[in-house]
Amino acid sequence: MRVTKGARIVAGTALLAVAVAACGGGGGGTATNDGGGSSAQPVRVDIAKPQHELSPTNTNDTSGAEVLNALFVGLVDYDKDKNVILRGAESIEPDAESKMWTIKLKDGYKFHNGEAVTAKSYVDAWNAAAYGPNVQEGGHFFSAVKGYEDVAPVDPDGEEGPQKAPEPKAKTLSGLKVVDEKTFTVELAHPYSGFKTMLGYTTFMPMPSAAFDGNGGIKREFGENPIGNGPFKMAKPFKLATDTTISMVRYDEFVEGKAKIDAVEFKISSDKGTSWNELRAGNLDIMDQLPPEAIATAKQELGDRYIEQPSSGVGYFGFNARNGEEWAKNPELRKAVSMAIDRKTITEQVFSGTRVPADDFVSPIVAGYRKGACVECVYDPAKAKALWDKNGGGKGPVSLSYNGDGGHKEWIEAAANNLRQNLGVEVKVDAFESFAAILDELDKGKVTGGFRMAWIMDYPSMENYLRPIFGTGGSSNHGRYSNKDFDELLVKGDSAKSDEEGVKFYQQAGDMLVKDMPYIPVYFYQTNAGYSQRVKNVTIDPFERIDLAKVERVS
Amino acid sequence: MSELNTAVQEPKAHPRRKQKEKKPNSLWSDAWYDLRRNKVFLVGTAIAILLILMAIMPGVFAPQNPLACNLVDARQGISSEHWFGIDNQGCDTFSRVIHGARISILVGLLTSVVTGLVGGVLGLIAGFYGRWVDVILSRLAEIFFAIPSILGALLLLSAVGRDAAGVWTVVLALAILAWPMVLRIMRAAVITAKSQDYVTAARALGASPFRISVRHILPNAVAPVIVVCTMNLGVFIAGEAALSFLGVGIQSPNISWGLMIADARNRFLMAPEPLIFPAIFLSITVLSFVMIGDAVRDALDPKLR
Amino acid sequence: MGRYVIRRLLQAIPVLLGSTFLIFCTVYALPGDPVMILGGERRIDPVLAAQLREQYGLNDPLIVQYWNYISGVFVGDFGETFQGVQVADLFAGKFQVTIQLAVTALIIEALVGLGLGLYAALRRGRWQDHAVLALTLLLVSVPTLVSGFVLQLVLGVKLKTELGIDFFPISGTEAGWRSFLVPGFVLAGTSIAYLVRLTRTSLMETLRADYIRTAVAKGMPRSRVLGRHALRNSLIPLVTYLGADLGTLMGGAVITEAIFNLNGIGQQLFQSVARRENAVVVGVVTVLVLVYLLANLIVDLLYAVLDPRIRYE
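Residue numbers (the UniProt record's numbering), protein chains in the order written: chain A, 1 to 555; chain B, 1 to 305; chain C, 1 to 313.
Wrong hints could be hidden among the right ones.
Said to hold, decoys possible - List time: in silico DSBU-like cross-link candidates among lysine-lysine, alpha-carbon distance up to 35 Å:
id, chain 1, residue 1, chain 2, residue 2
1, A, Lys260, C, Lys158
2, A, Lys146, A, Lys104
3, A, Lys104, A, Lys236
4, A, Lys120, A, Lys169
5, A, Lys371, A, Lys390
6, A, Lys49, A, Lys219
7, A, Lys484, A, Lys395
8, A, Lys484, A, Lys444
9, A, Lys383, A, Lys504
10, C, Lys158, A, Lys236
11, A, Lys536, C, Lys158
12, A, Lys371, A, Lys484
13, A, Lys492, A, Lys171
14, A, Lys182, A, Lys99
15, A, Lys484, A, Lys329
16, A, Lys80, A, Lys536
17, C, Lys158, A, Lys299
18, C, Lys158, A, Lys272
19, C, Lys158, A, Lys239
20, C, Lys158, A, Lys49
21, A, Lys146, A, Lys171
22, A, Lys550, C, Lys158
23, A, Lys236, A, Lys536
24, A, Lys383, A, Lys371
What the hints assert, rightly or not - Cβ-to-Cβ under 7 Å is the rule here; a few derived chain B residues that face chain C:
id, residue
25, Ile143
26, Pro148
27, Leu154
28, Leu155
29, Arg184
30, Ala188
31, Ile191
32, Ser195
33, Ala223
34, Val227
35, Arg265
36, Phe268
37, Val286
These are computed hints drawn from the structure, not numbers from a lab. Idealized CB from N, CA, C, for every residue including glycine.
Pulled out of the complex, with its shape left as it was, chain A reads as follows:
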């Protein structure tokens, strides 16, 4: 009757029982005790999978930007207070009406293959990014430059219209001109005083002549093995489809001075919870975003190696004001919804403090943000209910849509509970399998009520939070908000003499949003990062990029 295997099997189940019991207590105590580590070990940084191959022109995601930031240096950068500082540029000067900009480059910057960074390196890269048929993520950044509609023409009567879109008339932007080796000019289509602020983003970085295929496009190999001008260079090519790490080594001739660490390895992970476990076990050095469920433990275990700072993201509810439910078309009812949402409790309980309640349409990290600008973003259930009833809000149903693949369910459910309780309406929560599916159905009027939306800035300017989302025909204007006065105020802001003056107009535009409530701001994102005992001096910029050149090893 005895089977020898029995004992081992029972031991196995006991192990499982221990495992289940152990998790009840949560993870306390100190975890990381891997202090030293060999110096041959590169500094290991956690990232999500980049969206595309590594070309500055085709990168619009935080992971890709993070990697490219180690490889490239652009014209400008931003200091702690988000002020523009010059890096690759000697000077960036506008003309009197902020339409023609002259950019002079500093000497000494070289690509990793020895080629000097010249005016042409920038102009060629920008042309390649803007050229429509190249389908680059960064293309739309150049819509402000003169000649954009010739390289990336727009279908005159919309996608459904009978007319076919014209072929691009030109391969290069007529607004870009190389003056000499170290100087080029940019002519904008419209005056824009904030242009200099835009230039710190990944899309505006220079590219060597080896990157181009001679026909207006970018070589495929370049994306796998980019040659940059920054503090680190690729140690080996990176195949996006199959590789799980990106390895870099220090570029010793970097003109700004050598980086402190000799090698970096970006580890692509599919699960932040797993990365957190790797960090605790000493297999990872820097994580630029910790998962919400780990925050409490992370604060305790990491101590001063835990970083918390505002980042640029804003989370909203958008509305189908065109052909949706009645309440979604009425600004007063949207205000009632806004006041019925308990942002503070949601950010604390659902996001564990990785988000903070939103009180403006723009992020606190850009100039022009006003604390409490959105008066109806304050939680006031009684007022919300009164406003809802006064305007005939009725019993619903109110539907809230979100993409099920992004981890948004919990806060949407919480907001739905708020509306149920505070407005006394029936709320239907509707999951879509992707954000693209929501956009698809939005046009067909199938997304009938509110939908989740978020925006992460492209460059630190208030304008970047207004025009793409709320400007008529904006690239991300999913709610199809259109207001002539609002558009005019943006144009006035663009052509203002100074940034300060521009911001005043933008703020007026922001006031119109508060009045119309086309979206309701819900929360601001935070950066919640952490690092191991092996490194120090870890800083993260408003684009959520780690400044790897400054990171040091703990010896």
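Chains B and C: place on chain A using the hints.
Frame of chain A, contents of chains B and C only:
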């Protein structure tokens, strides 16, 4: 090895039970007679009935409103007021578990029954008739078999659209994926049973194919299918939640155990109660049907009498 | 037998066409335009969209698109993704990971499942039997994500940081076969539950058979009765289940792969569905169909080995 058994294998006609009966009993009525006296069966049935009552009238079992949630109280542990603690949304876990029974049991049972019937009947036919019937049914099953689970749900999404989402689409989506396994298992069991001597004997006696398959093969082949169906029950109840994020599943404010478990799993280390309690109810449901299934199988085996 | 095998292999062709066509239609019919999805959260310029549609033949009728693709597959060309990556290149490393994971899971499943099932059957009605039942219920009701995280935390992190045993890696495949042990177990979880119950039931049925009684009565040693007669005659439903499960383990490992950072086909499939990359999705399904068909064929051949009375038809 198996030559040993040929001579002694008993045909399926049964010795009389120690009951005062008028006419000869069939295997199935004998089994029923046995079941009514089987303690395991009675306990299993009692639990199942209790669960079903809970699904029909949750209000009786849980006086609190499962939708009355207060986020501020999220993740508070067990207390006299909240027997199972409070979940991540600040809702009372106890009343949600009770109210979640309806959809979970409905989805679990319906899907199990549908897959059991479809897979079972087709498997019986495929295994019994063999040849081209088997070829067609088996290959048909393989077409669906190779579709990974996420695609199965999407298949349905594209077929019926997200507007039709509800209990029935969930049942359908899960059933589409699960019936081929039941077919394979049933077919295997039938193939084994078919080659037994009592079947040959029944054939020799001129029994009709229907009679042979239902009276002789089915009782001997049904055990593994019962096992797969009872386990399926649990997997369906838990798996239903996976469909909801694609938009074809159950959506809030509806409650189900699967959704509760899925919602609680990320913060399991912070607050285990919202996951543990629905999981326990799921387990109890499966347990009750495992007990019933075991008893039914025993009742169908004349050698155990 | 040779003719039977050849017949079965020929039958694979309609199955392959059926499965792939079904999937192709599904992805085709899903809401969300693949070209628009390529643009992420922002709208792609209509001109570009039109060009891309032309380039990838998305304007052709469904049946033409399907034919263009599937005729390529038969000569070994799996096409390319919307980002211009050869699907075959994409598959190479990923299927290797997935196969290692699925095979590890299958071995664990077979060992643990058969072992526990056997144990439960022999201890029928005692507390050990009930304990095994409780464990199977646990395996069914605890989601993969939770079992995955808990095992990762306990075996990966705590074992290393508290006891200094660095045997189970937390994630990735750098540690070779050891990398697949924990994920393999997690992936096999639910299947183990099925197999335990199937083994127990099947074995108990056989143990009651008269030939077993005869063998025991003859004075044959217990282990020999068990191994030679009981187990062998109980195996048919079990190998059926195992054979059919291999494909499920390969195609259904999305969550396990994500938790343990395994760069396998499950995650790729998930992403490709989201991106409506029919070339990848259908490619994966093609491979899975072949795995299924082969596994099922082998199982069907095994029937006759396990029970000589069964004949191929």
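Now for the hints, and whether the structure bears them out:
For the hint linking lysine 260 of chain A to lysine 158 of chain C, the alpha-carbon distance of about 32 Å falls within 35 Å, and the restraint holds. With a C-alpha separation of about 19 Å, the suggested pairing of lysine 146 of chain A with lysine 104 of chain A holds against the 35 Å cut-off. Note on lysine 104 of chain A and lysine 236 of chain A: the hinted pairing holds, with a Cα-Cα distance of about 33 Å set against a maximum of 35 Å. Annotation: proposed proximity of lysine 120 of chain A to lysine 169 of chain A holds, straight-line Cα distance about 22 Å (limit 35 Å).
About 28 Å separates the Cα atoms of lysine 371 of chain A and lysine 390 of chain A, which keeps this hinted pair within 35 Å; it holds. Restraint check for lysine 49 of chain A and lysine 219 of chain A: the C-alpha separation of about 21 Å stays at or below 35 Å, so the hint holds. For the hint linking lysine 484 of chain A to lysine 395 of chain A, the alpha-carbon distance of about 33 Å falls within 35 Å, and the restraint holds. With a CA separation close to 25 Å, the supplied pair lysine 484 of chain A and lysine 444 of chain A stays within the 35 Å bound.
About 30 Å separates the Cα atoms of lysine 383 of chain A and lysine 504 of chain A, which keeps this hinted pair within 35 Å; it holds. Simply put, lysine 158 of chain C and lysine 236 of chain A have alpha-carbon atoms about 34 Å apart, close enough for the 35 Å limit, and the pair holds. For the given pair, lysine 536 of chain A sits about 25 Å from lysine 158 of chain C by alpha-carbon distance, which is consistent with the 35 Å threshold. Pair hint lysine 371 of chain A plus lysine 484 of chain A holds up; C-alpha atoms about 26 Å apart against a cutoff of 35 Å.
In summary, the hint linking lysine 492 of chain A to lysine 171 of chain A is supported, as the alpha carbons are separated by about 31 Å, within the 35 Å threshold. Distance check on the hinted pair: lysine 182 of chain A and lysine 99 of chain A sit about 20 Å apart at the alpha-carbon level, within 35 Å; holds. For a cut-off of 35 Å, the pair hint linking lysine 484 of chain A to lysine 329 of chain A stands: about 18 Å separates their Cα positions. A threshold of 35 Å between alpha carbons decides the hint, and for lysine 80 of chain A with lysine 536 of chain A the separation of about 18 Å falls inside it, so the pair holds.
A threshold of 35 Å between alpha carbons decides the hint, and for lysine 158 of chain C with lysine 299 of chain A the separation of about 19 Å falls inside it, so the pair holds. Pair hint lysine 158 of chain C plus lysine 272 of chain A holds up; C-alpha atoms about 18 Å apart against a cutoff of 35 Å. For the proposed pair lysine 158 of chain C and lysine 239 of chain A, the alpha carbon gap of about 33 Å is at most 35 Å, so the pair holds. Distance restraint check for lysine 158 of chain C and lysine 49 of chain A: the Cα-Cα separation of roughly 27 Å lies within the 35 Å cut-off, and the hinted pair is therefore satisfied.
For the hint pairing lysine 146 of chain A with lysine 171 of chain A, the CA-to-CA distance comes to about 13 Å; that is within 35 Å, so the pair holds. Of the pairs offered as hints, the one joining lysine 550 of chain A and lysine 158 of chain C holds, with about 32 Å between alpha carbons and a cut-off of 35 Å not exceeded. Our distance criterion of 35 Å between C-alpha atoms is met by lysine 236 of chain A and lysine 536 of chain A, whose separation comes to about 26 Å. With a C-alpha separation of about 21 Å, the suggested pair lysine 383 of chain A and lysine 371 of chain A falls inside the 35 Å cut-off, and the hint holds.
Interface hint status for isoleucine 143 of chain B: upheld, as the beta-carbon distance to the closest one in chain C is roughly 4 Å, under 7 Å. Restraint check, proline 148 of chain B versus chain C: the minimum CB separation of about 3 Å is within 7 Å; hint holds. Below 7 Å, beta-carbon pairs count as interface contacts, and leucine 154 of chain B has one with chain C at about 6 Å; its hint therefore holds. For the restraint placing leucine 155 of chain B at the interface with chain C, the shortest Cβ-Cβ distance is roughly 5 Å, inside the 7 Å limit, so the hint holds.
Because the smallest distance between the Cβ of arginine 184 of chain B and any Cβ of chain C comes to about 5 Å, under 7 Å, the interface hint for this residue holds. Because the smallest distance between the Cβ of alanine 188 of chain B and any Cβ of chain C comes to about 4 Å, under 7 Å, the interface hint for this residue holds. At its closest, the beta carbon of isoleucine 191 of chain B sits 6 Å from a beta carbon of chain C; the interface hint therefore holds under the 7 Å criterion. Because the smallest distance between the Cβ of serine 195 of chain B and any Cβ of chain C comes to about 4 Å, under 7 Å, the interface hint for this residue holds.
Annotation: interface hint on alanine 223 of chain B holds; nearest CB of chain C at approximately 5 Å, less than 7 Å. At about 5 Å, the closest approach between the beta carbon of valine 227 of chain B and any beta carbon in chain C falls short of 7 Å, and the interface hint on this residue holds. Checking arginine 265 of chain B against chain C: minimum C-beta separation of about 5 Å stays under 7 Å; hint holds. For phenylalanine 268 of chain B, the suggested interface contact is upheld, since its CB lies about 5 Å from the closest CB of chain C, less than 7 Å.
A hinted interface residue such as valine 286 of chain B counts as satisfied when its beta carbon comes closer than 7 Å to some beta carbon of chain C; here the least separation is about 6 Å, so the hint holds.
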